[in-house]
Amino acid sequence: MSVDIYWRIGTHGDQPSLRRRVASRGEWAPVVPGSLAPGVRDGRRDGYSYVEHMGDVARASEVSGFVGGLLPSFPNTDDPWATAATLARETTTYRFMIAFQPGFLHPVQAARMSASLQRATGGRVVYNVISGGGGPDQLWWGDKVAHDDRYARTSEFLDVLRGVWDGGPYDFEGRFYRVRGAGLPQELTGQPFPEICFSGSSKAAIDAAGRHADYYLSWLEPFHALSEKFDQVRANSDRTPKFAVRIDVVARETEEEAWEEIRRGWDNIDPTVLRGATGDSIGWQRSQSFVTGAINGHRDLEVTPNVWGGFHLLRGGPAFGLVGSYEQVAERLDELINLGVGAFILAGVPHLEEAYRVGENVLPLLRGHDLRVTSPLPEGTPS
Amino acid sequence: MTTFLITLPTRDNGGRGVRAELPGFVTDPRAPFGPFDHLLNAGRAAELAAFDGALLPFDPWGEESLVAAGSLLRQSRWLRVAAGFHPGVATPVYAAKVSASLQRFSGDRLDWRVVVDLDPEVARAQGDFLEGADRYARAEEFLTVARGVWTQEDYSYEGRFYQVLAGGFLSPLAGRPFPRVYLSGTSPQALELSARHADVHLFDPGDDFEGSGLRDVTYGLRLPVLVRDDDEEAWRAARRLWLRGGGTEDTLPELDPDTGLWNGFPGPGLVGSQESVAARIRDYVDRGIGAFVLEATPYVEETYRLGERLLPLLVKENAHVR
Numbered sequence: 001m002s003v004d005i006y007w008r009i010g011t012h013g014d015q016p017s018l019r020r021r022v023a024s025r026g027e028w029a030p031v032v033p034g035s036l037a038p039g040v041r042d043g044r045r046d047g048y049s050y051v052e053h054m055g056d057v058a059r060a061s062e063v064s065g066f067v068g069g070l071l072p073s074f075p076n077t078d079d080p081w082a083t084a085a086t087l088a089r090e091t092t093t094y095r096f097m098i099a100f101q102p103g104f105l106h107p108v109q110a111a112r113m114s115a116s117l118q119r120a121t122g123g124r125v126v127y128n129v130i131s132g133g134g135g136p137d138q139l140w141w142g143d144k145v146a147h148d149d150r151y152a153r154t155s156e157f158l159d160v161l162r163g164v165w166d167g168g169p170y171d172f173e174g175r176f177y178r179v180r181g182a183g184l185p186q187e188l189t190g191q192p193f194p195e196i197c198f199s200g201s202s203k204a205a206i207d208a209a210g211r212h213a214d215y216y217l218s219w220l221e222p223f224h225a226l227s228e229k230f231d232q233v234r235a236n237s238d239r240t241p242k243f244a245v246r247i248d249v250v251a252r253e254t255e256e257e258a259w260e261e262i263r264r265g266w267d268n269i270d271p272t273v274l275r276g277a278t279g280d281s282i283g284w285q286r287s288q289s290f291v292t293g294a295i296n297g298h299r300d301l302e303v304t305p306n307v308w309g310g311f312h313l314l315r316g317g318p319a320f321g322l323v324g325s326y327e328q329v330a331e332r333l334d335e336l337i338n339l340g341v342g343a344f345i346l347a348g349v350p351h352l353e354e355a356y357r358v359g360e361n362v363l364p365l366l367r368g369h370d371l372r373v374t375s376p377l378p379e380g381t382p383s
Numbered sequence: 001m002t003t004f005l006i007t008l009p010t011r012d013n014g015g016r017g018v019r020a021e022l023p024g025f026v027t028d029p030r031a032p033f034g035p036f037d038h039l040l041n042a043g044r045a046a047e048l049a050a051f052d053g054a055l056l057p058f059d060p061w062g063e064e065s066l067v068a069a070g071s072l073l074r075q076s077r078w079l080r081v082a083a084g085f086h087p088g089v090a091t092p093v094y095a096a097k098v099s100a101s102l103q104r105f106s107g108d109r110l111d112w113r114v115v116v117d118l119d120p121e122v123a124r125a126q127g128d129f130l131e132g133a134d135r136y137a138r139a140e141e142f143l144t145v146a147r148g149v150w151t152q153e154d155y156s157y158e159g160r161f162y163q164v165l166a167g168g169f170l171s172p173l174a175g176r177p178f179p180r181v182y183l184s185g186t187s188p189q190a191l192e193l194s195a196r197h198a199d200v201h202l203f204d205p206g207d208d209f210e211g212s213g214l215r216d217v218t219y220g221l222r223l224p225v226l227v228r229d230d231d232e233e234a235w236r237a238a239r240r241l242w243l244r245g246g247g248t249e250d251t252l253p254e255l256d257p258d259t260g261l262w263n264g265f266p267g268p269g270l271v272g273s274q275e276s277v278a279a280r281i282r283d284y285v286d287r288g289i290g291a292f293v294l295e296a297t298p299y300v301e302e303t304y305r306l307g308e309r310l311l312p313l314l315v316k317e318n319a320h321v322r
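So the sequence lines, in the order shown, correspond to chains A and B. Quick note on numbering: my numbering labels position 123 of the first sequence as 123, and the sequence is numbered without any gaps. Quick note on numbering: my numbering labels position 109 of the second sequence as 109, and the sequence is numbered without any gaps.
Be a bit skeptical, because a hint or two may be false.
If you want the footprint, here are the derived chain B segments under chain A, 3+ residues with CB under 8 angstroms [what the hints assert, rightly or not]:
no., region
1, 15-27
2, 35-42
3, 200-208
4, 265-272
So, partial list: chain B residues that the calculated Cβ filter (under 7 angstroms) puts toward chain A [unchecked claim]:
no., residue
5, Pro32
6, Leu48
7, Trp78
8, Gly213
9, Arg215
10, Val315
Hint data in this document are derived by calculation from the structure and do not stem from the laboratory. Quick reminder that beta carbons are idealized off the backbone N, C-alpha and C, glycines included.
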């Protein structure tokens with residue numbers, strides 16, 4: 001089976017490096033000389049917007065060997081649908097993995113947007129269906145539905161979306177949605193239904209994923225934990241699920257340089273932000289539980305070789321990622337392939353430059369299944 | 001007012017080299033991605049990073065620079081693009097004609113980097129057998145005729161190299177600003193040519209530009225740079241650049257203590273933290289340099305870096321960024 005490797009396009013601005021948590025790209029920090037997209041010319045803004053930079057990241061990662069890019073969605077990001085629509089015609093083979101939360105958008109409208117985007121891109125839309133990290137964010141969006149119910153809603157949402165896809169007429173009576181005589185207009189039908197990457201670490205999520213997911217998507221966790229999670233999904237799935245992992249990467253020519261990059265960022269962390277996150281996301285609580293013992297330095301967050309749990313301290317987002325030489329990072333990815341991972345969403349900061357780096361230096365080193373397993377994996381790991 | 005240009009690649013697949021192939025089990029739907037796609041990425045980096053301009057060098061082994069300029073100008077709105085060519089490539093009337101269209105299409109952002117002192121062997125391979133001082137005499141005529149047909153109706157010229165009878169552009173080709181002309185060379189003929197025709201005369205960092213005697217011409221400097229967050233990191237990167245280019249530890253050049261330049265680039269250039277490189281650039285500004293043509297690879301990544309970290313330190317020097 002072919003492995004799909006995605007990159008990530010930051011929809012929330014970007015930092016020039018992990019060394020300082022200061023955004024210079026986009027308008028998430030004051031626009032001053034040295035800012036990009038928008039930048040400053042003749043003392044005024046240059047008329048560009050952040051989408052220009054996202055276009056650069058899309059093209060850089062497209063040429064460097066990534067099949068597409070994840071467009072994340074959080075309260076203060078640019079919107080993935082709008083971004084995909086804008087970049088659709090600036091790329092040729094690049095898939096847009098659109099993150100969205102069912103519930104904020106009616107499924108019939110989501111079907112119309114998706115079908116139009118499929119037509120604009122030649123079928124390059126992928127869904128990253130999120131059912132909500134919870135906490136304050138969920139109410140920011142105006143969503144009062146409780147955690148487990150959100151997965152029930154997601155299930156209905158995807159049922160309706162599929163129901164109207166071929167034109168209908170389609171009727172549905174559910175807890176959350178109700179449509180009668182619905183269906184895409186003739187002209188929009190016949191497009192490939194987008195692949196679905198489904199995230200969520202709770203039992204409710206895993207149950208829903210079993211019904212709908214092409215890929216069960218997880219943040220990176222220590223490999224033994226990830227492996228257990230996959231087993232749980234397999235046990236709850238009526239089809240053979242595929243797995244995708246979202247991973248931040250700091251890969252350098254030497255391992256020493258990679259850690260040096262982390263150390264520089266670590267030295268600039270405000271100590272009060274250590275362990276400061278909240279929310280009812282099970283994934284987040286899980287990731288916090290993997291780090292035990294005193295944290296006296298950045299290497300104390302290296303829970304297994306090259307697996308580092310401090311990325312959230314250097315930029316917004318999940319905690320775990322890979323740090324190492326090009327060879328080491330490729331080996332860890334090969335190990336994940338051996339655990340059953342069929343798709344990756346890789347990312348690095350800055351997203352543009354690191355796309356070139358990882359695409360040119362790490363991806364060519366992958367060996368896939370026929371690797372000599374170099375680190376301990378659970379017994380009976382499927383290959 | 002000081003301007004900053006970045007040099008962009010016209011050869012080696014847009015400077016990106018051979019595409020690394022992926023292992024067979026990795027999905028790879030990529031369409032062929034050509035040099036112009038890479039050039040677009042590099043050009044957009046220069047545009048977003050607020051460079052004043054980009055130089056597309058004349059490179060007999062690279063893409064044709066006027067064509068590349070046409071593509072780059074179309075995909076930018078601020079960047080001036082200096083296209084490199086030598087007078088043997090076309091008649092001056094035709095070079096002007098092509099350029100008039102590019103000015104129309106780009107909002108007058110095309111400039112000319114006219115190369116006169118080509119290596120004779122390279123020149124002959126381009127069908128140009130002129131050598132020595134004659135090359136400057138021809139360049140003089142070339143630029144005179146090009147400007148003549150650009151600015152005058154019913155223009156005639158009779159010279160050693162070129163002849164025009166009742167030429168000159170009409171509306172709508174007429175009336176655009178003539179491209180800014182970048183010339184170079186340290187010989188008396190080169191300096192005489194620049195005195196009459198150059199808007200910018202390009203020097204190398206080792207040249208005695210203060211003693212050139214050129215007046216009413218902007219002094220430009222071709223300057224390779226390697227900038228990192230601190231000096232130590234920059235020197236590590238310089239060492240790596242040297243070794244990757246086929247050099248050895250034994251031959252690794254030291255910083256020249258007299259000039260502050262490192263000779264490990266194709267020409268002498270600056271290595272250091274953004275602060276120390278900015279300080280050296282300020283020295284050059286104080287000594288009269290008004291235009292910098294920076295060179296840094298890999299193009300996209302380093303263009304972003306320079307735009308984010310070096311140019312903001314030179315805000316006072318750069319009239320386009322305040």
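Quick rundown of the hints versus the structure:
1. With 9 residues bearing a CB less than 8 angstroms from a CB of chain A, the region 15-27 of chain B meets the requirement of three and the coverage assertion stands.
2. Under a criterion of three residues with beta carbons nearer than 8 angstroms to beta carbons of chain A, the stated coverage of the region 35-42 of chain B is upheld, 4 such residues being counted.
3. Counting residues of the region 200-208 of chain B whose beta carbon lies closer than 8 angstroms to any beta carbon of chain A gives 0, which falls short of the minimum of three for the stated coverage.
4. Given a C-beta distance limit of less than 8 angstroms, the hint that chain A covers the region 265-272 of chain B is violated, as 0 residues qualify and 3 are needed.
5. With a cut of 7 angstroms, the hint placing B:Pro32 at the interface with chain A is violated, because the nearest CB-to-CB distance is about 10 angstroms.
6. A distance limit of 7 angstroms between C-beta atoms decides the matter here; for B:Leu48 the minimum to chain A is near 5 angstroms, and the interface restraint holds.
7. Here the hint on B:Trp78 is kept, as its CB sits about 6 angstroms from the closest CB of chain A, short of 7 angstroms.
8. A cut of 7 angstroms between beta carbons decides the hint on B:Gly213: the least distance to chain A is about 33 angstroms, and the hint is violated.
9. Annotation: interface hint on B:Arg215 violated; nearest CB of chain A at approximately 28 angstroms, more than 7 angstroms.
10. Checking B:Val315 against chain A by beta carbon gives a least distance of about 5 angstroms; that is within 7 angstroms, so the hint holds.
Going down the numbered hints, you'll see the structure goes against 3, 4, 5, 8, 9, while the others check out.
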